[in-house]
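Required output: the full structure, derived from the provided sequences and hints.
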Amino acid sequence: SFQLSARGHWSTWPAFPSGQTVLRNHKPCCAPEERQSSNKQALLTFPKPRYLEKLESYLRKELQSLDLTKKNSQELKLQPYREIFEFFIDNFKTYKPLLSAIKKEYEVTLAHQRKTIRALEPLKAMVTTVSEECTRQILALQEKEKDEINMLKQEKQHLLKFIDNMKEENNSLQTQVEHLQTSVAEEYARYLNEYGARKLLLAKLNDMHNERLDMTRHQAQDVKGEDVVKLTLALKIARQDLTKAQVKLNTVIADYGDVVPRRDFESLEKKYSDLLQEMKTLQKDFDQLHKEYETLLESHRETAEERDNFCAELQRVQHNCTPRPNWAKCSEVIPGGADRWGCLAEEKTSDQLVDVLLEEIGTGALKEINVFPGWGKGDKVPVYLRHEGEVKNKKLTKKDVVNILKDVWKEKIALEQQTGKRSSLPEFFLSYLQKKYGDAAAMEWSYTLYENMRLCRSNHVLSSFYAILTGKVGEEQYHGQNQLISNLQKELAACDSSNSGSLTSQHPCCLSPYSMAVREAFPLKRKESIQELVDASRYKLDSTEDLIDYISLFKEDEEGNAEPFVAKLRSQYVREKHEYLRQLKNKLGDLTEVNADDLKTAFCRIDPNIDDQTLDTYIGLAYQVRREQPDQEVVPVETALERLLAGDVRRVGPSPREGSTADFEGE
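In UniProt numbering, the protein residues as written are 1 to 667.
By construction, these hints were calculated from the structure, which means they are not laboratory data.
Fair warning: there could be bad hints in the mix.
Derived pair list, reagent style DSS-like, types lysine-lysine, alpha-carbon separation capped at 25 Å [unchecked claim]:
1) Lys-406 x Lys-555
2) Lys-244 x Lys-230
3) Lys-395 x Lys-421
4) Lys-103 x Lys-77
5) Lys-61 x Lys-115
6) Lys-568 x Lys-472
7) Lys-399 x Lys-367
8) Lys-280 x Lys-167
9) Lys-115 x Lys-77
10) Lys-568 x Lys-555
11) Lys-490 x Lys-527
12) Lys-291 x Lys-156
13) Lys-435 x Lys-377
14) Lys-104 x Lys-115
15) Lys-377 x Lys-398
16) Lys-204 x Lys-244
17) Lys-587 x Lys-600
18) Lys-161 x Lys-146
19) Lys-248 x Lys-236
20) Lys-161 x Lys-115
21) Lys-291 x Lys-153
22) Lys-412 x Lys-398
23) Lys-394 x Lys-410
24) Lys-367 x Lys-436
25) Lys-436 x Lys-412
26) Lys-153 x Lys-167
27) Lys-555 x Lys-540
Label-pair distances were calculated between CB atoms; the ranges are [to be verified]:
28) Leu-139 x Glu-638: 41 to 47 Å
29) Lys-490 x Lys-146: 50 to 56 Å
30) Lys-490 x Leu-139: 50 to 56 Å
31) Asn-595 x Glu-305: 35 to 41 Å
32) Glu-75 x Leu-139: 38 to 44 Å
33) Lys-394 x Arg-575: 55 to 61 Å
34) Arg-190 x Met-279: 23 to 29 Å
35) Glu-75 x Lys-144: 47 to 53 Å
36) Lys-490 x Glu-145: 49 to 55 Å
37) Glu-266 x Thr-243: 32 to 38 Å
Please read these numbers as outputs of a predicted model, since none were measured by experiment.
Backbone N, C-alpha and C fix where the C-beta goes; we use that ideal spot for every residue, glycine too.
This is how it looks when you write it as structure tokens:
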């Protein structure tokens, strides 16, 4: 409660009448309300020190002079208080260190809070942007689902209406059957009445015949001179004949009393046969429609389940997904700028873009390395990398690496054609470098080429050579793809009768020559896959252009990058292989291990046209044995599928389900 006076001495304001300090009669345990009331009374009784009045007056003037309408009005308002506090600290010489430390901590805390606020402001804007984007996506998905639900509702109404029509038609047929049954009953009653009338008529005829006989007998008795014995004998014979006739008549009546005339019987029988056939046809149609209706109901139920699953998956993905990266930023750091990045990123997925970015970073870092550490000479080290100590980096360009690898393939194929035996690529690779650059420099070239192949995953020449060199893929897969491309080139050249190097890709009424050549080269592909290849070959053409320069489709740039047509052909090759092996796995069922016989049976079921030589080759790939060796033990199914995936495994004939135009692409 003490203040300094203007002369620098202690001021006792507010003071007590006794002239003593406040601390003399201070009671720490007294109630706060009592102390406040006593202080108010003291303030009203005694005047403030002059220095305090000056400070308060200075503070009021400074506050009045401020413009509090500005954005940083709070900071401006804080400045006069900061100055008053500094004046106060300067006058308290004894407490100046403590008060300065307090002021400093407050200043540090305020600075930290300002820094935190400035850091959080961009995050606030980002959160707002992300929230708006998510809301927009949710609304778009809801709108899309709304259209699909409306379509399903319309389809449901159509099916219900169709079912009602079938029910009405069934009721109409039932009514016709009942009407026919009533008609048959009426006819039966009419014939029954006629039968009774005929019996009555026969009885009357018999009575009349008997009366006539009696009259004849009486007349005969009246005749004079007639022989009684002769008449008696004649009467006896006549009665016997009458008895026989009566018995025969009764037999005929008993046998044919219920028989109707053949003409009426045949007419009714024909009508009944027609009605029965019509009823069977209608019943068959009704059963077919009922079966289709149940199928549609099941399809609708499955569709609804898939929709619910997709909605749940969408919500889960929306909850867990991160914002899609802005790949355009990479153009600022990639050499060549936006143009080169646009060429690198064209028609690539995010995973492929990551590979491209890693490749650019890796190749850039590779140019800065002068030497490579040797891998040693252990048995687990590949033969082309066995070296102790450091190896010089030759710092090759991608063009140089591609040319060297193409030359390696060329030399290897020529050697194998000359000797007739397949050689190991790692060993031939090392011998090629030793022969061309010498034993001393071979390792430098080998390490440099290996590192470039390892980093450049987007380049087909480098990535395929690396996969075969490291044993991840079989060499026959490389030759199989080249054979497919070679066969297609031959078919296109055969269809080009004018040797112009171009073929038409469109025809108004039938397949174009270009499409026919592609189908001849790939008879097992579906129409959709053929169309994909046609579209890939037309990517540089306008919609009005018709001629395709098929020779340019197989060209490569200086870095070995193929045209989109060849890239699409290779991607279809991979998809068809995956689908082929997926069908094989499904045919094996729940087996975890498989022997050679079971694997052969599965191959024959999914590919009935497979020949014995190809089948033995596939079995050899799966069991890592040669064809002449006997069947091996069982192997895990996954292991067999991985080995087949690394080799050149393709469908030989059409699928038993899809026919000769099947294209076994992935789903």
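These are the hints, each one checked on the structure:
Distance hint between Lys-406 and Lys-555 is fulfilled; the C-alpha atoms sit about 14 Å from each other, no more than 25 Å. Our distance criterion of 25 Å between C-alpha atoms is met by Lys-244 and Lys-230, whose separation comes to about 21 Å. For the suggested pair Lys-395 and Lys-421, the alpha carbons sit about 34 Å apart, so the restraint of at most 25 Å is broken. With a C-alpha separation of about 17 Å, the suggested pair Lys-103 and Lys-77 falls inside the 25 Å cut-off, and the hint holds.
Between Lys-61 and Lys-115 the CA atoms are separated by roughly 31 Å; this puts the pair beyond 25 Å, and the hint is violated. Between Lys-568 and Lys-472 the CA atoms are separated by roughly 22 Å; this keeps the pair inside 25 Å, and the hint holds. Restraint check: the Cα-Cα separation between Lys-399 and Lys-367 comes to about 14 Å, which is no more than 25 Å; the hinted pair holds. Between Lys-280 and Lys-167, the direct Cα distance comes to roughly 16 Å. Compliance with the 25 Å bound is thereby established for this hinted pair.
Annotation: proposed proximity of Lys-115 to Lys-77 holds, straight-line Cα distance about 20 Å (limit 25 Å). The hinted pair formed by Lys-568 and Lys-555 meets the criterion: a straight-line CA distance of about 14 Å does not exceed 25 Å. Taking the CA atoms of Lys-490 and Lys-527, the gap is about 21 Å. The hint holds against a cut of 25 Å. For the hint linking Lys-291 to Lys-156, the alpha-carbon distance of about 16 Å falls within 25 Å, and the restraint holds.
Straight-line distance between C-alpha atoms of Lys-435 and Lys-377 comes to about 21 Å, which keeps the hinted pair within the 25 Å bound. For the suggested pair Lys-104 and Lys-115, the alpha carbons sit about 16 Å apart, so the restraint of at most 25 Å is met. Our distance criterion of 25 Å between C-alpha atoms is broken by Lys-377 and Lys-398, whose separation comes to about 28 Å. Between Lys-204 and Lys-244 the alpha-carbon distance is near 19 Å, which keeps this suggested pair within the 25 Å criterion.
Proximity of Lys-587 to Lys-600 is assessed by CA-CA distance (about 11 Å); at most 25 Å being required, the pair is judged to hold. For a cut-off of 25 Å, the pair hint linking Lys-161 to Lys-146 stands: about 22 Å separates their Cα positions. About 18 Å separates the Cα atoms of Lys-248 and Lys-236, which keeps this hinted pair within 25 Å; it holds. This hinted pair does not check out: Lys-161 and Lys-115 have alpha carbons roughly 69 Å apart, beyond 25 Å.
Note on Lys-291 and Lys-153: the hinted pairing holds, with a Cα-Cα distance of about 21 Å set against a maximum of 25 Å. Under the criterion of a C-alpha separation no larger than 25 Å, the hint pairing Lys-412 with Lys-398 is consistent with the structure, at around 21 Å. Only pairs whose Cα atoms come within 25 Å are accepted, and Lys-394 paired with Lys-410 is accepted, the gap being roughly 23 Å. Of the pairs offered as hints, the one joining Lys-367 and Lys-436 holds, with about 23 Å between alpha carbons and a cut-off of 25 Å not exceeded.
Between Lys-436 and Lys-412 the CA atoms are separated by roughly 14 Å; this keeps the pair inside 25 Å, and the hint holds. Pair hint Lys-153 plus Lys-167 holds up; C-alpha atoms about 21 Å apart against a cutoff of 25 Å. Distance restraint check for Lys-555 and Lys-540: the Cα-Cα separation of roughly 14 Å lies within the 25 Å cut-off, and the hinted pair is therefore satisfied. The hinted window of 41 to 47 Å between Leu-139 and Glu-638 holds, with their beta carbons roughly 44 Å apart.
Taking the beta carbon of each, Lys-490 and Lys-146 are about 53 Å apart, inside 50 to 56 Å as hinted. For the hinted restraint 50 to 56 Å between Lys-490 and Leu-139, the CB-CB distance of approximately 55 Å keeps it satisfied. Checking the proposed 35 to 41 Å range against Asn-595 and Glu-305 shows it holds: the Cβ atoms sit about 38 Å from each other. In this structure, Glu-75 and Leu-139 meet the distance hint of 38 to 44 Å, their C-beta atoms being roughly 42 Å apart.
Range check, Lys-394 to Arg-575: Cβ separation about 37 Å, and the 55 to 61 Å hint is violated. Judged by the Cβ atoms, the range 23 to 29 Å given for Arg-190 and Met-279 holds: they are separated by roughly 25 Å. Remark: the range hint 47 to 53 Å for Glu-75 to Lys-144 is upheld by a beta-carbon distance near 50 Å. Checked against the hint of 49 to 55 Å, the pair Lys-490 and Glu-145 passes, with Cβ atoms roughly 50 Å apart.
Checked against the hint of 32 to 38 Å, the C-beta distance between Glu-266 and Thr-243 comes to roughly 37 Å, which is consistent with it.
Checked against the numbered hints above, the structure violates hints 3, 5, 15, 20, 33; every other hint is satisfied.
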